[in-house]
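Visitor: Here's the letter readout for the chains.
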Amino acid sequence: MNGLHDMGGQQCFGAVVQEADEPLFHAAWERRVLALTLAMGASGQWNLDMSRFMRESLPADIYLGGSYYRIWLEALERLLRAHGLVSAQELEQEEVLEPRVEGVRTLAAAQVLPLFGRGWPSTREAAAPAQFGVGDSVRTVQHHPAGHTRLPRYARGRRGVVVAVHGVHVFADTHAAGQGEQPDWLYSVRFEAHDLWGEDTTADAVYLDCWQSYLRPLALTPDVPASVAEVLHPVVTPAQAQAALRTAGLAPLAPPDKMAEAVSAQLQALERGMSQVGFDSDHTAFMAALAREAR
Amino acid sequence: MNDQEMDARVRTLEALLIEKGYVDPLALEALLDLYENRVGPRNGARVVARAWVDLEFRRGLLQEPDAAIASMGYSGRQGEHVVVVENTPQVHNLVVCTLCSCYPWPLLGLPPAWYKAAAYRSRAVIDPRGVLAEFGVQLAPDVKISVWDSNAEVRYLVLPMQPEGTTGWPEERLAELVTRNAMIGTDVPRLATPEQESAS
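The listed protein sequences correspond, in order, to chains F and G.
Numbering (the working numbering) for the first sequence: 1 to 295.
Numbering (the working numbering) for the second sequence: 1 to 200.
Please note that a few of the clues may not be correct.
With a straight-line cut-off of 20 Å between C-alpha atoms, the simulated SDA-like cross-links for lysine to any residue are [what the hints assert, rightly or not]:
| # | chain 1 | residue 1 | chain 2 | residue 2 |
| --- | --- | --- | --- | --- |
| 1 | G | K20 | F | T37 |
| 2 | G | K116 | F | P59 |
| 3 | G | K116 | G | Y35 |
| 4 | G | K116 | G | T179 |
| 5 | G | K144 | G | D187 |
| 6 | G | K20 | F | V101 |
Simulated from the structure, these hints should not be mistaken for lab results.
Construct all of the structure, not just a fragment, from the sequences and the given hints.
Guide: Given below as structure tokens:
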């Protein structure tokens, strides 16, 4: 969702205000909100991604209204209402009017240290190999989903380079929507600051963690235009192209320093190849035809 | 709403949740004890100080951070997957969460208000040098700035450079130089000036 929470790059909020000897909490209620939010977060009724989506869906005046704990409180109340645990009427009349919902886990004091001391790792077993490796050039998707996404607007449709593979993680977007964990590969992607902001930045690079579905291969070199990269998708990383060629019994592509040349030849061939073999889902055949053309 | 009204509103909610049996009041106290007393930036500072004095630990911290951090007894919620980014004379690192307030709790405790506020979240990714100036940090013009936007479940800790003139210091004394902000990237550890020393 394109929400106010997606703040990266906004220039209307003024200077950072620090507080000397800042207390952990600025009011008694903030302290209780932290504890209540964490306790109910362990109730099994919703997950952290759902909480985040509820927070970013709050009305603008509340989201920008001041204390971050106000955001937590408002989201907690909405989650409680949405799950039928506490009704608006109960909050208003300050009394219990509806029976307890069965099956809600109550966090016990003795569970706090073991559970919160271990945390809730979001890594899962891999079901398929990673599509990208370190050094691969990628382009983020240009999307504006109505639901939750962790790809900030400032980094959509931008090119970057994979610098680390974090393993397979629960996918926040589906997890927030109640569509399950749908674990997917997560990558650390480096974006050159000028690719994000042009000249108007004092950063050199910005790094984001991107799930695989946020990424498209940027063809074989960073210089390939996006339109062509989209066509080539998903036979696009050097590793994949090599594998496709190997499968087709063809010679591998040139080594990396010759890659640009080879790619340029292939791209010229692409235009011819497209008309000859058509473009269907059989990428291996397509790449093989492409490679033949290139020779 | 003022704080008085907010206090009343939250008390009502807490009472309802307890009466309905969704919340155990003792669990609330245990949670507060954990985040008020047991985790905080001293944890991260000890990790940094060890990395300064123990090269093998430093290597492990950069390559297998979760294991290295766990070896010092730190782990937990909002720190399940940690990546440590190393400042060098060439590159300064800065951590932000532009989308919410993600922060490595087991190492730094709960985030300060400015970390969660719009001014920092909006500008850290586009104008980190301007933000750093507001924190009193002036980097040489040729130092590159890398910004880490913690938008997934990976949490970032900056490993700052050890201040000059502290070689051979014991770990505990070095840890005292490591501020919370230095591990976010909005500060640089430094030796206190003689004036500051005499003032404190």
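Visitor: Taking the hints in turn, state whether each one holds.
Guide: The hints, checked one at a time:
1. Simply put, G/K20 and F/T37 have alpha-carbon atoms about 16 Å apart, close enough for the 20 Å limit, and the pair holds.
2. Of the supplied pair hints, the one linking G/K116 and F/P59 holds, its CA atoms being roughly 17 Å apart against a limit of 20 Å.
3. Restraint check for G/K116 and G/Y35: the C-alpha separation of about 17 Å stays at or below 20 Å, so the hint holds.
4. Of the pairs offered as hints, the one joining G/K116 and G/T179 holds, with about 18 Å between alpha carbons and a cut-off of 20 Å not exceeded.
5. Proposed proximity of G/K144 and G/D187 is supported: the alpha carbons are some 15 Å apart, at most 20 Å.
6. For the suggested pair G/K20 and F/V101, the alpha carbons sit about 9 Å apart, so the restraint of at most 20 Å is met.
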